[in-house]
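Make a model of the complete structure from these sequences and hints.
Everything in the sequence shown is counted per our numbering, starting at 3 for the first residue and increasing by one.
Hints are computed from structural coordinates only; laboratory data are not their basis. Keep in mind it's a predicted model, so treat the numbers as computed, not measured. Honestly, I wouldn't trust all of these hints.
As the list claims (entries may be wrong) - Straight-line distance between alpha carbons at most 25 Å, and here's what the computed DSS-like set of lysine-lysine pairs gives:
hint, residue 1, residue 2
1, 19, 90
2, 117, 194
3, 173, 84
4, 13, 156
5, 17, 90
6, 84, 19
7, 117, 173
8, 84, 117
9, 173, 156
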Amino acid sequence: MTTQWIDITAKDGGKFKGYLALPPAGKGPGIVLLQEIFGVNAHIRSVAEQYALDGYVVLAPDIFWRQEPGVELGYEGEDMEKAFSLMKAMNSDQAIADIASTVDTLRGRPECQGKIASLGYCMGGILSFRSALDAGVDSAVCFYPGGIANHLDKADRLQVPVQFHFAGQDKHITGEHIEQTRRAFAGRDDVKMFVYDSADHGFNCWARSAYDRHASALSHGRTLAFLETLGR
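Quick look at the structure:
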């Protein structure tokens, strides 16, 4: 596996960075990996490498490049406060346009051979869902997507497969929000939902106190199975 930072050209001008992880085989289908509110930090880079070792060409764009390029934050105290302020300052429509540029960049690389999925966590989870609508991905995986209930009016626009992973103990995405999501996609065979009853928000991040090994491993396996059933 090899990694590097590459340049991505935004649709409205300017360039931003993305962390590219290539699989040992050197080629494979693509994943656009979408960060939490903490930047493309050590954990997100490790997740990119994890999926690269699974055989995917992974590109994680710096979503906050317009506010603070290259920002990397921790999960407590002032870092947490700064992360929330960066998220609030983000123009989400502009972020989707930047993700679309990332998708175009990934499709243009010779190592990327096959379909491209978006995969994101929390803020990245909702951006992954919106990428399925407007950023040109072939499928999307959404881990504890923050604010999903505010975007369910777009459900009828969805034309690609999506997989959701929710935490049963999540105080941000409540049981009612999960049920609303379930109802919004009722009857859709191409939309899969999983709820990890004992897990909390952020359960996939091994750098956080909320990390849940069982939920993380199970959801990782389900993600890989989902992507493989869609074809390469």
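Taking the hints in turn, this is what the structure says about them:
For the suggested pair residue 19 and residue 90, the alpha carbons sit about 21 Å apart, so the restraint of at most 25 Å is met. For the suggested pair residue 117 and residue 194, the alpha carbons sit about 19 Å apart, so the restraint of at most 25 Å is met. This hinted pair checks out: residue 173 and residue 84 have alpha carbons roughly 21 Å apart, not beyond 25 Å. Note on residue 13 and residue 156: the hinted pairing holds, with a Cα-Cα distance of about 24 Å set against a maximum of 25 Å.
Restraint check for residue 17 and residue 90: the C-alpha separation of about 22 Å stays at or below 25 Å, so the hint holds. A C-alpha spacing of about 20 Å is found between residue 84 and residue 19, which places the hinted pair at or below 25 Å, so the restraint holds. Simply put, residue 117 and residue 173 have alpha-carbon atoms about 34 Å apart, too far for the 25 Å limit, and the pair is violated. A C-alpha spacing of about 35 Å is found between residue 84 and residue 117, which places the hinted pair above 25 Å, so the restraint is violated.
Distance restraint check for residue 173 and residue 156: the Cα-Cα separation of roughly 24 Å lies within the 25 Å cut-off, and the hinted pair is therefore satisfied.
Checked against the numbered hints above, the structure violates hints 7, 8; every other hint is satisfied.
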